[in-house]
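As a plain string of letters, each chain reads:
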Amino acid sequence: MSHAAIAGSAQRPAERKYTGERKLSLEHWADLAADALADAGIDPRDVDGLCCAGDVQETDAFLPATIAEFCGWSVNFAERLDLGGASPVGMVWRAAAAIAMGLCEVVVCADTMRPRPPSPHPAKLDARMVYGASSSIWGSPQAEFEIPYGHLGQNSGYAMYAQRYHECYGWDERSRAKIAADQRVSACANPDAVFYGQPVTIDDVLGSPMISEPLRMLEIVMPVSGGAAVVVTTPERARAARHRPVHIAGFGEHLTHKTPTYAPDLLQTPVGAAAATAFAMAGLTPADVDMAQIYDCYTITVLLSIEDSGFCGKGEGLEFVRTHDLSFKGDFPVNTHGGQLGYGQAGMAGGMSQVVEAVRQIQGRSGDRQLAKHDTAYVTGTGGVMSEQAALVLVGE
Amino acid sequence: MPRYELTPEMLAELPRPIPYPTPTAQPFWDALARDELLLQRCGACGAWVHYPRRRCTTCMSEDLAWEAVEPAGTIHAFTVTHRPTAVVFADQMPQVLAIVELPNGVRLSTTIVTDDPAALRGGDAVVGVFDHADDRPTLLRFRPARG
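Residue numbers (my numbering), protein chains in the order written: chain A, 1 to 397; chain B, 1 to 147.
Chain B extracted, bound-state conformation (with noise of 0.2 Å):
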């Protein structure tokens, strides 16, 4: 890929790194901004599916529900980022990028948010923060559940 120097104006025409919802993941989208997380579940195979699809990933049957789950969990993997993981996102910066594990086994991926990022380690308890903003929709973090 060739390199470029990145304009301000340049990114101005860049699409936002921010969900565009499809129309099958809508309601967890549209949950989420109510401070809820709804996964789906297959009425056929038992098994839990995300992200939403119209199929399930084990037995392919269409046959999925959304179910309310509780946005609690524990840091399965996370990296603390020294360099933006790219350049929008540089104002965010040191990014605490995770993948949360649910008690379903469901796993997430999202930031957790914390002052000492220092102090994390893999299998801590964490729980949902719903991160809402005017010009997007909502996500779904994560912070320690101690203190």
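The following block holds chain A by itself, in its conformation from the complex (with noise of 0.2 Å):
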């Protein structure tokens, strides 16, 4: 039914301070691998693949030969990816398209945001520190078009989606807090979330700090540590692993800015072609799936992925979000684990929380908020500012 499988995964609990010992990041990354081989019951000897993202610290570049050396592995496909958010929905479809292709067979993809030990070499101030995610390099367009203005980081950029959206499809605020008071009830059946034991209602949401108009504090993901990875490989060898096979039925990716000021259509997300050719990949619409998996660095992130997705239609998201309980125990669950909202964002690896997640939920092993109907899953991930997306279609065995 499918050219690749996830047959194992990893996941740290995520942790506002760090208890752990501290490692530099190849070491955590290799942690990381080595538990999600563990998971999967496969023979690390078998690695022939990896995906990574430029979350390890000890080197800008050449980062891929540099885990394959660190890991002993000998790798005949090794992808670094730059997708911000989409980074892991982009790792897996890669991985899943490379084993397809008869490349390799077994392939790890892992993020990991933990601390390492103190460097002897302090780092100096770098401009990215300030900058973010907007480069402030010469000649880029953000340095001489976005910076001067102020135009940079993230809250700014989905607070002016949420504005334009609001704008045309009127100013139900409640709706929107609503997706992050829903998640709360997941995160509180995860021991593993940062926000366990700590529910929200939609009231304690809109009444949370402003941040950049109109988005408010509880409605913005909590950096935290931690890491996940995921064993990609042969539905053959998937089938022989420890837990039930995860499909990978489809998947999709779109890409069309940097800046929101140059999206062709802020309220056309690239989501929308995403989900389009992964649904039509797997031969599934929006309707065959049990849970959506939506990558939320924000609020509005899930209300907009939620209608160019196909869940409903356009400018309905509001009123889809408000008809329908989006914890465990509803009629449309979403981040089952808390989302990223819930859960924490360990940077990158935030996004592979929504993986592992659904990976989880399919073979059963989700604890407390495990759903009765678990076959089907959607996956999102979202980078930048709503400018690079990647969507999964999986499907249990």
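Bear in mind the hints are in silico, worked out from the structure with no lab data behind them.
Check before you lean on any hint, since a few could be wrong.
What the hints assert, rightly or not - Derived contacts from chain B toward chain A, CB cut-off under 8 Å, selection only:
(1) 14
(2) 85
(3) 89
(4) 95
(5) 97
(6) 108
(7) 122
(8) 124
(9) 127
(10) 129
(11) 132
(12) 139
(13) 143
All residues carry an ideal CB built from backbone N, CA and C; glycine is no exception.
If you follow the hints, you should be able to join the two separate chains into one complex; please do so.
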């Protein structure tokens, strides 16, 4: 039924303040790989592919080769993703495509965000620490046309999406806030979530400090330490693994812009094209999925993604949220681990948390928040400011 | 990204958040200094191009020419920030960040100059404000057209 499947996963509990042993990023990465392979029951000697992102702090370049060397692997496929929060979903489908083409059979995809031991060479101030995801390097369009006006980072960009959305489709802020409140219900059923034991109401969300109008603090992810990984392999190897194979039945990706100003249409987001490709490839429709694990850096990201992925019509997202329970107990389960809004965002591993949750739900391993119906999952990744988006359709064997 | 306390000394080492024009965009910045908005238009397909490039973003032709455009349009999207988007903008609070759309469809990243951000609505008409300063290129901000 597919050319590739996810056979194993690993995920670290979210922590505001890391309590474990400090290790190099490469060491954290290798730990995640080892745990995900053990979860699958696949011999590390069989690894012949890897996907990483820019979250390994020991090097700025030649990262895939460094990881292969560090882990002792000989690989036929090595990718470093640069799609921001869409990178984990991008890793999974690239691994699946490489496996489908016969390049490799066992691909480890991992993201880590845990602290390192203190370096003897303290980092100098890097402009990236101030200008974040917007390049301040001379000649970059962002340096010349965005940053001088204060357009940078993520909050204000997503806020403009939200403002535009509400201006076009109505100022129902309670429904937008409900996304965060519903997901918190699921976080409270997940002991690994940073907000475990801390439910919030819609009024709590609307009463939290305004950050960039109309977005408030509880609509924005909390940075945490953590990490996550999956093992993508052939359907045959997945069937021999320890848990239910999770087939990668469909995938898609779409990019249009870096800066919202230049998006072709702020309210037709790239995930629409990615979802259409993914569902068509899987031979399924949005109505067929049991759960949606939707990248949720902000509430507005979820709202736009629900709409543009086809779960409701354009402009119907607020009503959809108002009339569905998005928690794991609900009729339209979204981000059943709490989402990144409830679980925490461990850097790039935040996006992998959505993949891991889909895998664990399909495998029936989600504890108190396990869904009764858990065969098919839709997963998205979003990078930049609705800039780069990717989608997966995952189906249990 | 590691989190650091930024000292004034560290901040002084940063590139300032001002435009450092590229050769391709120099005519755009030179025009702003003269209170003029110049944008590129493709001679091959007629599409407008912004920010400045050497090739058309519709047909990739190199046949781009500068045309003067009225600096007036509407607010396409905006946000009022309650936390600065970067520490270097902490003295400009609240930031009223906006995407302004011109009648020709071109969208610009800018800010809205207003004493009353709460009165702003998407779709409001705005007109250009050429913000000159001695120590940086002129920036094109906008203000509400009414009053």
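We went through each hint and held it up to the structure:
1. Here the hint on residue 14(B) is kept, as its CB sits about 6 Å from the closest CB of chain A, short of 8 Å.
2. Proximity of residue 85(B) to chain A holds as hinted, the smallest CB-CB distance being about 5 Å (cut-off 8 Å).
3. A least Cβ separation of about 5 Å between residue 89(B) and chain A falls short of the 8 Å threshold, and the interface hint therefore holds.
4. Because the beta carbon of residue 95(B) sits about 5 Å from the nearest beta carbon in chain A, less than 8 Å, this interface hint is met.
5. Checking residue 97(B) against chain A: minimum C-beta separation of about 5 Å stays under 8 Å; hint holds.
6. Look at residue 108(B): its Cβ gets to within about 7 Å of chain A, closer than 8 Å, so that hint holds up.
7. With a cut of 8 Å, the hint placing residue 122(B) at the interface with chain A holds, because the nearest CB-to-CB distance is about 4 Å.
8. Hint status for residue 124(B) relative to chain A: violated, with the closest Cβ pair at about 10 Å, above 8 Å.
9. For the restraint placing residue 127(B) at the interface with chain A, the shortest Cβ-Cβ distance is roughly 17 Å, beyond the 8 Å limit, so the hint is violated.
10. Residue-level restraint check for residue 129(B) is violated (minimum Cβ-Cβ distance to chain A is 12 Å; threshold 8 Å).
11. Below 8 Å, beta-carbon pairs count as interface contacts, and residue 132(B) has none with chain A, the closest being about 14 Å; its hint is therefore violated.
12. Interface restraint check: residue 139(B) against chain A, minimum CB-CB distance 6 Å, threshold 8 Å, status holds.
13. At a threshold of 8 Å, the smallest CB-CB gap from residue 143(B) to chain A is about 14 Å, leaving the interface hint violated.
Figure legend: structure checked against the earlier numbered hints; hints not met, in rising order: 8, 9, 10, 11 and 13.
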